[in-house]
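Quick note, the sequences are listed as chains D and R, same order. Just so it is clear: in the first sequence, position 39 is 39 by the numbering used here, and no numbers are missing. If you count the second sequence from 1, you need to add 1000 to reach the numbering used here.
Where hints are given, some of them may not hold.
To be verified - Straight line, CA to CA, 30 Å or less: simulated DSBU-like cross-link-like pairs of lysine-lysine: (1) R:K1182 <-> R:K1157; (2) R:K1229 <-> R:K1089; (3) R:K1089 <-> D:K188; (4) D:K83 <-> D:K163; (5) R:K1089 <-> R:K1214; (6) D:K188 <-> D:K31; (7) R:K1229 <-> D:K188; (8) D:K156 <-> D:K83; (9) R:K1143 <-> D:K163; (10) R:K1214 <-> R:K1229; (11) R:K1232 <-> R:K1182; (12) R:K1214 <-> D:K188; (13) R:K1214 <-> D:K3; (14) D:K3 <-> R:K1143.
Worth flagging that the hints you see were computed from the coordinates, not collected in a lab. The structure displayed is predicted, hence computed values, not measured ones.
Here are the chains, one letter per residue:
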Amino acid sequence: MDKEFAARRRRDLIIAALLAAIAAATPLFVKDVVVQNILILTLMYAGLSQSWNILSGYCGQISLGHALYFGLGAYTTELLFTKFGVLPWFGMLAGGVVSALIAMGLGYPFFRLRGHYYVIATIVIAEIGLLLFHNWEWAGAAMGITIPIRGDSWLKFQFLRTKLPYFYFALALCCLAWFVTWWLENSKWGFWWRAVKDNPDAAESLGVDVFNSKMGAAAVSAFLVAVGGSFYAQFVSYIDPESVMGFQFSLLMALPAVLGGIGTLWGPVLGAAILIPLTELTRFKFGGSGRGVDLIVYGTLIVLISLALPRGLLSLFSRPKKTGAVR
Amino acid sequence: MTALLETRGVWQRFGGLVANSDVSISVGRGEIVGLIGPNGAGKSTLFNLIAGVLPPTQGSILFDGEDVTHMPAAERCQRGVGRTFQVVKSFETMTVIDNVIVGALVRNTVMREARRKAHEVLEFTGLAARAHVLASDLVPAEKRRLEVARALATEPKLLLLDEVLTGLTPTEAQTGVALVRKVRDAGITVLMVEHVMEIVMPLVDRAIVLDLGKVLVEGKPNDVVRDPKVIKAYLGDRHAVGA
Chain D
1 MDKEFAARRR
11 RDLIIAALLA
21 AIAAATPLFV
31 KDVVVQNILI
41 LTLMYAGLSQ
51 SWNILSGYCG
61 QISLGHALYF
71 GLGAYTTELL
81 FTKFGVLPWF
91 GMLAGGVVSA
101 LIAMGLGYPF
111 FRLRGHYYVI
121 ATIVIAEIGL
131 LLFHNWEWAG
141 AAMGITIPIR
151 GDSWLKFQFL
161 RTKLPYFYFA
171 LALCCLAWFV
181 TWWLENSKWG
191 FWWRAVKDNP
201 DAAESLGVDV
211 FNSKMGAAAV
221 SAFLVAVGGS
231 FYAQFVSYID
241 PESVMGFQFS
251 LLMALPAVLG
261 GIGTLWGPVL
271 GAAILIPLTE
281 LTRFKFGGSG
291 RGVDLIVYGT
301 LIVLISLALP
311 RGLLSLFSRP
321 KKTGAVR
Chain R
1001 MTALLETRGV
1011 WQRFGGLVAN
1021 SDVSISVGRG
1031 EIVGLIGPNG
1041 AGKSTLFNLI
1051 AGVLPPTQGS
1061 ILFDGEDVTH
1071 MPAAERCQRG
1081 VGRTFQVVKS
1091 FETMTVIDNV
1101 IVGALVRNTV
1111 MREARRKAHE
1121 VLEFTGLAAR
1131 AHVLASDLVP
1141 AEKRRLEVAR
1151 ALATEPKLLL
1161 LDEVLTGLTP
1171 TEAQTGVALV
1181 RKVRDAGITV
1191 LMVEHVMEIV
1201 MPLVDRAIVL
1211 DLGKVLVEGK
1221 PNDVVRDPKV
1231 IKAYLGDRHA
1241 VGA
């Protein structure tokens, strides 16, 4: 029985390595910039959604305010870079740490809330963050920050002539988030999180530190999302509050996981692989004015999925329940 | 030797309602003690106070010589208090073995050891064949058994069983009784809340009867069931006079 379990863990790891290798090779065949752009965003959202899934999927604390951490990552990196000349690589780490600390600071009061009240609190806090940055003169207020481009440089992580470095960074981020999830899944934290999600009272009676479980999940989740935010800021080289902290980011982190299978190892990747190209293509096809169309498309998709497959697309692939192979 | 568990003058008030008034009981090491009483007697409240779900309004609770009155449930579990819930609270999206691993992690920090311990407990409780089934797919009697397994995986000194035998078929209840004996033989003290007198009485070493939040009678099961006060509490005055 344990052999079966170990084999499954190993199989997951091998599949991930294969997928990563295939993804790494795609730029050899895909030269079209538009398509490359879509691939980069898909990988980024897969990584973000995977990170969101740690807190909301595994630990069950549904957050619709992760845009806050995404934006904090972006702003920390760019403020440090433009004001103090700190290289984005360090800014990225700083952004992650700042976000993790803020996530825990917010968790302190809010993890005492249960169910829907927690979700509402996350939305409200992210909106407050958005408003603060809108009015914060030093951070560029509504004008935002333009990142000065001085040519291609790995040191400053900025590239004009090629998108490939961004592509590989997004791939690395996605792999990192997946691997962290894989690793935590079979750890004390992973078990604690799932127990907290399913039944906090029972978890408590079994010695689980419910409050600190949530804090830990929030910190890991916020850190990874902030790294994604830093990356995005470098990628688009211009940030303003709406473009890195808007509510749509919170949704775009949650939806792939929900679509693919919330609280599962592969759900976010699968969901992002379907949702993000679809969003980008509809947006591309219907032009700038078609912003609403992509929302309609994936809104419909979510409704259909939640009606037909409430446990996400991934449940299509799992063997019948009785074998116990369902995750 | 001191008692494993002791409550000293415990009171619990919910607004105007007094659920426990001045309850002092003790449970010795290696005993099986039954906590019985009619509906609304305050059994579940006392049980929750002992498990650490909430602190008593007044009084103190000692476990293994330590004052645990204000200790949260998770810490009491680390000290050696295991419990089940009257309304089963399985981790429904997790498999049976994963449910038990959560409990085993209290004393085993290495995953492989926790998993091994969990398998051991499943063997002990007769759930081994169901290890890889989702908890939500278990039948009610198995879910009760899983509650016990999970609590046992925490390697408790004291196991609190909240109506684990209630609502089972006679055969299921008998296997349950056998399991409780097996638990005690493994050196674990048991305090159980039960309704079904005919099943509990032969099982327990000592019975404590609660009525209207107070300890009514305490003693050997045979003496307790014959006590006029107990009969009165359960069946009313008419029957007590008849006895």
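Check your understanding: Which earlier hints can't be squared with this structure?
Key -> Per hint list: 2, 6, 7, 9, 11, 12, 13 violated.
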